[in-house]
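Number of protein chains: 2
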Amino acid sequence: MSEIDELRLDRLLERATAINLDAVLITSDESIAYLTGFKPMQLERFFGVVVRPDRSSVIVPALDRGQIDDAPERLDRVSYGAESDGIPELAAELAGARTVGVEEDHLIYARARALAEHGFELAPAGAVVMGLRVQKDDAEIERIRAACELVQEGLRRAFEWLTPGVVERVLNARVEALLREQGASAAHPLILFGENAANPHGDPGLRELRRGDVVCADLSACLDGYWGDLTRCATVGPASDWATSTWQVVLDAQRAANAAAQPGALGRDVDAAQRRIVEAAPELGACLHGAGHAIGLSIHEPPFLVPRWNEPLAEATVLTIEPGLYKAGVGGIRLEDDVVVRPGGPDILSNLPLELTEVG
Amino acid sequence: MSEIDELRLDRLLERATAINLDAVLITSDESIAYLTGFKPMQLERFFGVVVRPDRSSVIVPALDRGQIDDAPERLDRVSYGAESDGIPELAAELAGARTVGVEEDHLIYARARALAEHGFELAPAGAVVMGLRVQKDDAEIERIRAACELVQEGLRRAFEWLTPGVVERVLNARVEALLREQGASAAHPLILFGENAANPHGDPGLRELRRGDVVCADLSACLDGYWGDLTRCATVGPASDWATSTWQVVLDAQRAANAAAQPGALGRDVDAAQRRIVEAAPELGACLHGAGHAIGLSIHEPPFLVPRWNEPLAEATVLTIEPGLYKAGVGGIRLEDDVVVRPGGPDILSNLPLELTEVG
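Residue numbers (the numbering used here), protein chains in the order written: chain A, 634 to 993; chain B, 634 to 993.
Treat the hints loosely; a few may be bogus.
As the list makes no split between identical chains, a pair holds if one copy fits it or if it spans any two.
[Unchecked claim] List of simulated lysine to any residue pairs, SDA-like, C-alpha gap at most 25 Å:
hint: 1; residue 1: 672; residue 2: 802
hint: 2; residue 1: 960; residue 2: 710
hint: 3; residue 1: 960; residue 2: 666
hint: 4; residue 1: 672; residue 2: 932
hint: 5; residue 1: 960; residue 2: 980
hint: 6; residue 1: 960; residue 2: 888
hint: 7; residue 1: 960; residue 2: 916
hint: 8; residue 1: 960; residue 2: 749
hint: 9; residue 1: 960; residue 2: 814
hint: 10; residue 1: 672; residue 2: 845
hint: 11; residue 1: 672; residue 2: 640
hint: 12; residue 1: 960; residue 2: 687
hint: 13; residue 1: 960; residue 2: 703
hint: 14; residue 1: 672; residue 2: 743
hint: 15; residue 1: 672; residue 2: 833
hint: 16; residue 1: 672; residue 2: 836
hint: 17; residue 1: 672; residue 2: 885
hint: 18; residue 1: 960; residue 2: 676
hint: 19; residue 1: 672; residue 2: 840
hint: 20; residue 1: 672; residue 2: 839
hint: 21; residue 1: 672; residue 2: 738
hint: 22; residue 1: 672; residue 2: 737
None of these hints come from the bench; they were simulated from the model.
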């Protein structure tokens, strides 16, 4: 990742101070990347960024010390050796603080307990850092667009490779390799054939592609720290009546959700816009998930476009909008694009045709 | 995954009851897989297994309900829709319990707080479930052996592809695809060239392979739920004096660590056995990490073979033992095998030759 805007530290501090936090402890890979430009590979070892008015620091295992050279200069570099679990070093960086904001959806209970035993009072601060991360700056949007371009290229190639007899697992591996060769630090193709596509979380297996299949191709890739995530569908040979009708409903649902994704709209409103359309066609299949979620440094990040999400969308949020319909034993159709929330209507970051492609 | 031994639930309950837990809440992917045979894909949605004397259950999002069919019959199936975050359903399953054991290295602070607000008292129980998971049964060992065989095949092919001019990132993508095509549910090749190999957590990039390079090839793959993780090294053309000497030191260190991996030995003892050998050769490079860690359903699981680990090894633990030496600007040599801890000495699960291969 390129140089990090140091103002992010100032803004985080300003918001933390406003809710009476003495310090913020950042622990998720993506938030660490947001503040430092360095995305750790977290296993059992502790990584964190401590942000406080007087001094801030980044704490890493000694093994990873070489990777934080490009972090903002005002962050003190702290590392710990194999004899430590990093908590004493963290406690030293927090010393003097009483209330410490944490990423409550990431910090593990063991570390929360250890901090409590050191006398710190923890408070959820996930919304503070996500409140910053949710509004993408122009450079971030361009990176998501670049990730989408890579994913589009993957989809185009995947569709070329959709010939009867190809094995689901082999095709997915081949597409993953293509994305990784092109520089994706991670890539998750989920290309499912026929009845397998009826499960939005299916697992590519030994199923061979057959004439008459519907194919649901969901590809995501992380490029230069940011994710793109798109889904298109195809039929092997002419589309069945089911596929044609379902495609049209899902397309309508996507248009409705896009139109609803306005600054100030609630997450649940975007979901409701697609849900009322897909749920009106129960004979075609079931609505098994919400309308989507935000995307950026994480492939899934808040806000989530689901019935329980009552918060308004902020301008410059990037959402992946992905309505779908799934019919057991038959298949699934999903349509997914990444869009930037803008007052004049969403800016769509991909330019793949909105069509149910015929292959084979 | 195939059928799960229901006795695992009994043993977990027995150990939990012995430390006065009223219930255990299992939340990590791998522990859920250990108890149910189903490995979730966790994003923001809650998954858990509640184990208690009177009734036990598995809780999943409605979207994943179809995937728990093969879980042990005595587990009640509980699912929740898009309008819930799963916590009310979890609280209902725990109702009546006071002290709830949790996986403290997995449960997130937000859920720990929510459970505390529901009146439950949490207690760390990671050691209870890991105490079961650490001792592999024969079927588990055979799966790790199968994963190692797949990784070996990947290493053999990778070494065939090591010709001058090949790009690091492309080679890694190609090996990843090979492992995935063969059925790996996840695969992490980390094949680094020349000076890049001096960083054990390096990132494959656009570096082309050159004559004179040392290559450090670390491959891991998850097959049927279980991981194998092996490392071998090569030189492009004849080995340099540095590579030859370093290889011999690392080989000696691996032999010493293997010999130390006896039931009852402390994790730190296994580390010390290799550390005293690699640290005696500072002119060849630095010792940047411990001797290794256990492996199984997770690629990194306790016990960790590091200076701070003071607990004794149990028989039938599977360890990956991976000493290495790293010299900035020159390269790195690491040697890694997966072994089963046995009273008569470790059973090595791979049969790759212990040699510094010359390629190109």
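Status of the hints after comparison with the structure:
1. 672 / 802: Between copies only: 18 Å across, 29 Å inside.
2. 960 / 710: Between copies only: 22 Å across, 53 Å inside.
3. 960 / 666: neither (40 Å within a copy, 27 Å between copies)
4. 672 / 932: Intra 14 Å, inter 20 Å, cutoff 25 Å: intra and inter.
5. 960 / 980: Classified as neither; 31 Å inside a copy, 48 Å across copies.
6. 960 / 888: Within. Shortest intra-copy distance 21 Å satisfies the 25 Å Cα cut-off; inter-copy 56 Å does not.
7. 960 / 916: within (9 Å within a copy, 64 Å between copies)
8. 960 / 749: For residue 960 and residue 749, neither the intra-copy (49 Å) nor the inter-copy (40 Å) Cα distance is at most 25 Å.
9. 960 / 814: neither (35 Å within a copy, 27 Å between copies)
10. 672 / 845: neither (43 Å within a copy, 31 Å between copies)
11. 672 / 640: The answer is within: 19 Å in one copy meets 25 Å, while 41 Å across copies does not.
12. 960 / 687: neither (57 Å within a copy, 37 Å between copies)
13. 960 / 703: between (50 Å within a copy, 22 Å between copies)
14. 672 / 743: both (22 Å within a copy, 23 Å between copies)
15. 672 / 833: between (29 Å within a copy, 16 Å between copies)
16. 672 / 836: between (28 Å within a copy, 11 Å between copies)
17. 672 / 885: neither (38 Å within a copy, 34 Å between copies)
18. 960 / 676: So residue 960 and residue 676 pass the 25 Å test across copies only (24 Å; inside, 38 Å).
19. 672 / 840: between (36 Å within a copy, 21 Å between copies)
20. 672 / 839: between (35 Å within a copy, 19 Å between copies)
21. 672 / 738: both (18 Å within a copy, 20 Å between copies)
22. 672 / 737: both (19 Å within a copy, 24 Å between copies)
Checked against the numbered hints above, the structure violates hints 3, 5, 8, 9, 10, 12 and 17; every other hint is satisfied.
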